[in-house]
Each structure stands twice: as structure tokens, then as C-alpha cells.
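Sequence lines, in order, name chains R and V. Going left to right, the first sequence walks through residues 1 to 368 as the numbering used here numbers them. Going left to right, the second sequence walks through residues 1 to 129 as the numbering used here numbers them.
Calculated from the structure, these hints are not laboratory results. Among the clues, some could well be false.
Said to hold, decoys possible - Covered stretches of chain V, as calculated for chain R (at least 3 residues, CB under 8 Å):
no., region
1, 4-13
2, 25-37
3, 111-122
What the hints assert, rightly or not - Computed list of lysine-lysine pairs in DSSO-like fashion (alpha-carbon distance at most 30 Å, straight line):
no., chain 1, residue 1, chain 2, residue 2
4, R, 363, V, 75
5, R, 219, R, 2
6, V, 75, R, 2
7, R, 37, V, 101
8, V, 75, R, 16
9, V, 11, R, 363
10, R, 16, V, 101
11, V, 101, R, 307
Just so you know, these numbers come straight off a predicted model, no measurement behind them. The beta carbon of each residue, even a glycine, is placed where N, CA and C say it ideally should be.
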Amino acid sequence: MKSTPLKDKHVALGAKLVDFAGFEMPVQYTSIKEEHKTVREGVGMFDVSHMGEFIVKGKEALNLIQLISSNDASKLKIGQAQYACIPNKTGGIVDDFLVYRLPEDKCAEGEQAFMLVVNASNIDKDWEWISSQNSFDCSMINISDQTALLAVQGPKAVAVIQKLTDQDLSGIPYYHFIKTEIAGFKNVIVSATGYTGSGGFELYMNNSQSEKVWDEIMKAGETEGIKPIGLGARDTLRLEKGFCLYGNDIDDSTSPIEAGLSWITKVKKSTSFNSQEIFAKHKKEGVSKKLVGFLVSDRRVPRHDYKILDAEDNEIGIVTSGTLSPSLEIPIGLGYVASKYAEVGTKIKIDTGRKTLEAEVVKPPFVK
Amino acid sequence: MNLPEELKYTKEHEWVRVEGNIATIGITDFAQGELGELVYIEVETVGEVVAKDEVFGTAEAVKTTSDLFMPLTGKVIEFNSEISETDGDNPGIINEDPYGKGWIVKVEIQDETELAELLDNNAYLELIA
Numbered sequence: 001m002k003s004t005p006l007k008d009k010h011v012a013l014g015a016k017l018v019d020f021a022g023f024e025m026p027v028q029y030t031s032i033k034e035e036h037k038t039v040r041e042g043v044g045m046f047d048v049s050h051m052g053e054f055i056v057k058g059k060e061a062l063n064l065i066q067l068i069s070s071n072d073a074s075k076l077k078i079g080q081a082q083y084a085c086i087p088n089k090t091g092g093i094v095d096d097f098l099v100y101r102l103p104e105d106k107c108a109e110g111e112q113a114f115m116l117v118v119n120a121s122n123i124d125k126d127w128e129w130i131s132s133q134n135s136f137d138c139s140m141i142n143i144s145d146q147t148a149l150l151a152v153q154g155p156k157a158v159a160v161i162q163k164l165t166d167q168d169l170s171g172i173p174y175y176h177f178i179k180t181e182i183a184g185f186k187n188v189i190v191s192a193t194g195y196t197g198s199g200g201f202e203l204y205m206n207n208s209q210s211e212k213v214w215d216e217i218m219k220a221g222e223t224e225g226i227k228p229i230g231l232g233a234r235d236t237l238r239l240e241k242g243f244c245l246y247g248n249d250i251d252d253s254t255s256p257i258e259a260g261l262s263w264i265t266k267v268k269k270s271t272s273f274n275s276q277e278i279f280a281k282h283k284k285e286g287v288s289k290k291l292v293g294f295l296v297s298d299r300r301v302p303r304h305d306y307k308i309l310d311a312e313d314n315e316i317g318i319v320t321s322g323t324l325s326p327s328l329e330i331p332i333g334l335g336y337v338a339s340k341y342a343e344v345g346t347k348i349k350i351d352t353g354r355k356t357l358e359a360e361v362v363k364p365p366f367v368k
Numbered sequence: 001m002n003l004p005e006e007l008k009y010t011k012e013h014e015w016v017r018v019e020g021n022i023a024t025i026g027i028t029d030f031a032q033g034e035l036g037e038l039v040y041i042e043v044e045t046v047g048e049v050v051a052k053d054e055v056f057g058t059a060e061a062v063k064t065t066s067d068l069f070m071p072l073t074g075k076v077i078e079f080n081s082e083i084s085e086t087d088g089d090n091p092g093i094i095n096e097d098p099y100g101k102g103w104i105v106k107v108e109i110q111d112e113t114e115l116a117e118l119l120d121n122n123a124y125l126e127l128i129a
């Protein structure tokens, strides 16, 4: 199994380590609820170095990105990032990812450079897919194995990271980034992105720099009460905001239109992309199933793969994610239902295999 | 790993304390650690005879849901009121004190020969090590 360069830190902090996408990752340090609260109200740090990063560079780099991405990367300025799907050719999703338009200081005349950040579980699949689409003579480098990623998230994250750099961070808009010196290391990417919905930064750096950066951030954040946060809380945080998790809520067979990701599926962009026509049709004619959020009026928690039923107990869909919301203290979930049941307020039932739970369709985010 | 010597264990990560013909049943320290914070315990079998290896309840944690299996055939005579939703509603005591305050049910033993099939602490430790 792979591990991140920070594994020793996690062990020393008493983390419970689990296998996640082939990586030995901290799932929790103390308690999911506590860690969740720390991020919502203060600041916490995640080691998410298992994520994959590819550099794409070349004169036609934008053309390659435009072909593989559902979003419109031509809108990206240097220093800007964009969330998107990588569609396959049959109307499904290879992965969801972030596209960073990098500074061009290392580019030859006329070249552009991008960093693609992909899910750990899909690194090999994405690499093969994007390589197969690269008829644009772009150079591609997989830097996943030498790149560490720390997510410092929460309302107090800016105050903490600001102590480590001279550059003003409060001026970085959401989904923008800078390259700056952090803890003595130049060229750390500080990106105003994240998967928690609580604000903060994601910091990309070389593996060899990560231990020192981790320590400096923990030290700088002492007064703000910074704590290490595991993947368990990462999941409850993202689910409260209704963010999709690849492999749970979206996969090779789901359309971004079904998944509520129309906003990153720009079927009218000027250049064509994989499955563009299928998605245009989905948008125009509608889809047969939709991903919805629901609240359960019970103590029992909906789980991935539980069936969703209508009021007459007919099967109408399937749960893709569920948890007990630490903020709301009630069970919440995401799932696909036949489109006529997708309207907010629709009463549905969740079949746990032993019981059926009453639930109601709501519009995510569950927590504003 | 905290595994009291005087208790018996199952491969489903339950422990059993036998006093006369009454067995007190809970989940092991290892099990509570794997499940993480428990949010809800459901036991709807009070008053019923439940056969060995059958489900007598459900443990709901933040991350996962897990069935609770009977270590031996018996009549469920009590569900810990500190945990029960209708009384104390505090399943967190299972995380804090799995072998003490965090016991789950008491059972009237129907067939004492089944006791021999339970694991001692060393056999259980081997299973989880």
C-alpha cells in the first residue's frame, strides 16, 4: 500500500489509518464529530497528498483540456482554477477534477501550462484516458508521487496561513491561487479551494517540503486551535454541502446533468468535448433520474446502496451517500431518484433492508 | 488492546459476561474503535428468544451501520437504559466504557453448552491482531 510523506506525523498524532484508494490514510485522529466542528468553526488541516496531479503543457494545451473537460477552460486566467468533469464518450464521468491555469514562466513562446488535480482512486485511469485524447502534442507529466497536498480549511484558515507568508492572502478570490513562499519554500501553490464548504486553502508542494510545512502550519495555528482532520470528517463536511464524491455519487455511468452538475457542463462552449451532444440532449430533453438531497426523519442513517422507495413502497432509486450530519444532528443523504420524484418536498422512503425510513427531498446544501 | 480476562468473546466482536444463567453482552473495545462514535443503538428484541448468530440489534456510527449478533441463544431480558433511545439515549458510553457502563443487553441463557464455543481473550486477540 502507498502512503503519504506525512504518515509518521499521523501515527505520532494517534490517527486511525485506513486503506483509501490504495493509500494508508488517516480517517480520524480523535473523533469525526469534533474534527468536523473544528473545521466549521475554526481551522483544521487535512493531508490529502493521495490526490493526483498532472501537468499538461504545450501550444495546444488548452485544446486538450477543452476536449476532456465539461467546463469551459478558455475562461481561465493565469492564477485561476476551475471545477469540472472529465466525461467519457458514452455520457458518463471518468472523474471530476480541478483545472489550474499555471503561470507561464517555464513555458516556451506560445505555450500554456495547466495542472489537473484528480481523485486518488482514478489516477491511473485518468492518466490513460487523457493520454489517449492527447492528439495535440502536449507534454504530460504525472507529478502525483512527488506532490504533497495540505488542505487548511475553516473560517480561521486565512489568519493561520497569513502568518507564514508576506503576500496578502485575504485578496485571493475563491477558486484563485498564487505561487508564494511558505515556511521558506518558494513555489508553494496556495489555492483558495477546498472540499469542505468552510473556506480556506489547499497548498501544493513537493513531498520533501511537506513535513516542515505541516509543522509550521500546526505551530502558526496554535492560537487559532488548529487540529489535524481525517478523511472521516472530510466526508461529513462535503456531504453537508452536497458536494459529489466520485465513486459514490458520480461514476462512469452517471451523467453530470443527472448529478446536478449542469453548472460545470458547458454544452455551448466554442470547442467540442467528449459527450457534448449527449449532455446537450440531457439538458434539452431532461433526464430520467436525478441526484437529490434528502433529510431522514429518523435516527437511522441512510447508507450507500440502500433503496429509495415512493410512498407506495415502489422502488424509485438508490442512496449514493449518507451520514449523520454533525452540524444538524440528523441523518442526511444523496441519492438518485426517478425525475418525477426529484421535486423539493417530495416524500420518499429509504429501505435499510430491515426497516423503511421516512424522508423528504430537499435542495442541498444541507448546511448553508 | 483492552481485553478483560474474565470475559468471553465472539468473532463478531461481542463480549459476554456470564453470571449464573444471565449473560451480559456488549461490543469489544476493538469494535467500538473500528466503528467510531456511536450515534444510535437499536434493540427491538427485548422479550424475545434470539438464536445464536442471529441479529438482536443494530449499531449506528457516523460512518457505518453494523448489525449486532447474538453470541448465544437466549431470551433478551434487558436493554441498557443508559443507551436506549427512550431512556438515557447515550450510546457514547459504549465508546467510553465498552465493558462497563456500555453493556448493551442482558440475556437469559437457554443452552449452556454454547458457552464452550465462545472465545477466550487470547483467542480473540489472535483474531484481531
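| query | Quick check: the region 25-37 of chain V, covered by chain R? Criterion 3+ residues, Cβ under 8 Å. | reply | Since 3 is at least three, the answer is holds.
| query | Under the criterion that the straight-line Cα-Cα distance not exceed 30 Å, is the pair residue 101 of chain V, residue 307 of chain R satisfied? | reply | violated, 36 Å
| request: Please count how many residues of the region 4-13 of chain V have a CB within 8 Å of a CB from chain R and say whether that reaches 3. | output: violated (count 0)
| Holds or violated: residue 16 of chain R with residue 101 of chain V, Cα cutoff 30 Å? | holds, 24 Å
| 30 Å Cα cutoff - pair residue 219 of chain R, residue 2 of chain R | Given that 30 Å is the threshold and the Cα spacing comes to 27 Å, the pair holds.
| Is residue 11 of chain V within 30 Å of residue 363 of chain R, Cα to Cα? | violated, 42 Å
| task | Sort out whether residue 101 of chain V lies within 30 Å of residue 37 of chain R, counting only the CA atoms. | result | Distance of about 27 Å is within 30 Å: holds.
| message | Check whether the Cα positions of residue 75 of chain V and residue 2 of chain R lie no farther apart than 30 Å. | response | Not satisfied, since the Cα-Cα distance of roughly 48 Å exceeds 30 Å.
| field | Given coverage of the region 111-122 of chain V by chain R, tested with a Cβ cutoff of 8 Å and a minimum of 3 residues | value | violated (count 0)
| said: Check whether the Cα positions of residue 363 of chain R and residue 75 of chain V lie no farther apart than 30 Å. | reply: violated, 45 Å
| said: For residue 75 of chain V and residue 16 of chain R, compute the direct alpha-carbon distance and say whether it is at most 30 Å. | reply: violated, 37 Å
Checked against the numbered hints above, the structure violates hints 1, 3, 4, 6, 8, 9 and 11; every other hint is satisfied.
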